[in-house]
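Chemist: Sequence:
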Amino acid sequence: MQVVFMGTPTFSVPTLEALLDSEFPVIGVVTQPDRPRGRGQALSASPVKELAHSHGLPILQPDKMKQPKFLKELEQWKPDMIVVTAFGRILPKIILDLPPRGCLNVHASLLPRYRGAAPIQWAIINGESETGITTMLMDEGMDTGAILLQEAVPIHPDETAGDLSVRLAHIGGRLLIETLRGWTSRKITPIAQDGSKATMAPLLKKEDGNLPWDRNAIEIVNRIRGLSPWPGAYTFCQQERLTIWKGSPLVDFEETGSPDETPGTIVKVGKESLVVRTGDGLLSVTEIQPANRKRMPVAQFVSGHRVTPGMKLTSQPHLE
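Residue numbers for the sequence shown follow this note's numbering, beginning at 320 and rising by one.
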């Protein structure tokens, strides 16, 4: 069975690697066009393109999925199946109908929960203790196709979206090969999703990183974890933007100040943390990044910044 692979970011790489190590020949790869990256904004290939190039695979990078030239070239490859992992584009019906064995997607959630572009991030933001990988047959909906296989994966208490993404990517590659073997031997029966149980995981925007200090401490910590490494959770201290990389709710803390303080108020400046009032409870910030600087422990930050109890972390910059 000849396979065309569609994928773009680092998350897609283990799936393509698993295919390349399997008995299913990859006859071509489709990935997004090269994008400007870094300070110099030089055009850079996607991680999937780099891997495909290293294996000498044919590569297509369409600007639009219905471009006649692209569709003609894809049809000439004559794939038996198309495998998609974090490609970043919706496949039109003309492509879904092209391979005789269908289009198969590797998705980073236990569908029908967390349909959409950012399932890993939203699972952590929402405080889930478990997520997983689903392989499914694709249809014209957003992650609505019939389920083939699923594997549940626990979310570790301190795990960030970046950490979890690495684990899930490798599980996805393994589950894909298991799925292909079962699907081609007709040992897997597709199961329709229950749409009434669906939840959504929309694409994150930079402004989603703005920390809501009026939420409770656990919710804020989950947001910090879910937004790492992108777009990053941020706040403002007077005029300066600060990215918050690590924090934890405080359970045992000798109370100072008043519970009536405005959420975002710095309660204590310690040697290794800033203690911040939230809408419910206290939060210890331990790793921070000032604008145009590297990430650093709070100890390093407070040694070079004037930070005192009573100062406020806010959603917008302003002078005290």
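None of these hints come from the bench; they were simulated from the model. A few of these clues could be false.
[Said to hold, decoys possible] Subject to a maximum C-alpha distance of 30 Å in a straight line, what follows is the list of computed DSS-like cross-link-like pairs (lysine-lysine):
1. Lys525 with Lys565
2. Lys590 with Lys524
3. Lys524 with Lys506
4. Lys565 with Lys524
5. Lys506 with Lys525
6. Lys506 with Lys565
7. Lys565 with Lys385
8. Lys391 with Lys524
9. Lys412 with Lys565
10. Lys613 with Lys383
11. Lys587 with Lys516
12. Lys524 with Lys412
13. Lys383 with Lys412
14. Lys506 with Lys516
15. Lys631 with Lys525
Chemist: Given the proposed pairing of Lys587 with Lys516, does the C-alpha separation stay at or below 30 Å?
Modeler: violated (43 Å)
Chemist: Decide if the proposed pair is consistent with the structure: Lys383 and Lys412, CA atoms, cutoff 30 Å inclusive.
Modeler: Status holds; Cα separation ~14 Å.
Chemist: Need the status of pair Lys565, Lys524: alpha-carbon distance at most 30 Å?
Modeler: holds (20 Å)
Chemist: Does Lys525 lie within 30 Å of Lys631 when you go C-alpha to C-alpha?
Modeler: With Cα atoms ~22 Å apart, Lys631 and Lys525 stay inside 30 Å; holds.
Chemist: For the pair we were handed, Lys412 and Lys565, check the Cα-Cα distance against 30 Å.
Modeler: Status violated; Cα separation ~43 Å.
Chemist: Take a quick look at whether Lys525 and Lys565 sit within 30 Å of each other, Cα to Cα.
Modeler: holds (18 Å)
Chemist: Verify the proposed pairing of Lys506 with Lys565, using a straight-line Cα cut of 30 Å.
Modeler: Violated, at about 45 Å.
Chemist: For the pair supplied as a hint, Lys506 and Lys525, is the alpha-carbon distance within the 30 Å limit?
Modeler: violated (44 Å)
Chemist: Is Lys524 close enough to Lys506, meaning Cα to Cα at most 30 Å?
Modeler: Given pair Lys524, Lys506 is violated - Cα atoms ~41 Å apart, limit 30 Å.
Chemist: Taking only the CA atoms, is the gap from Lys524 to Lys412 under or equal to 30 Å?
Modeler: holds (28 Å)
Chemist: Taking only the CA atoms, is the gap from Lys391 to Lys524 under or equal to 30 Å?
Modeler: violated (35 Å)
Chemist: Can the restraint linking Lys565 and Lys385 be considered satisfied, given a maximum Cα separation of 30 Å?
Modeler: violated (43 Å)
Hints 2, 3, 5, 6, 7, 8, 9, 10 and 11, counting from the list given before, are not met by this structure.
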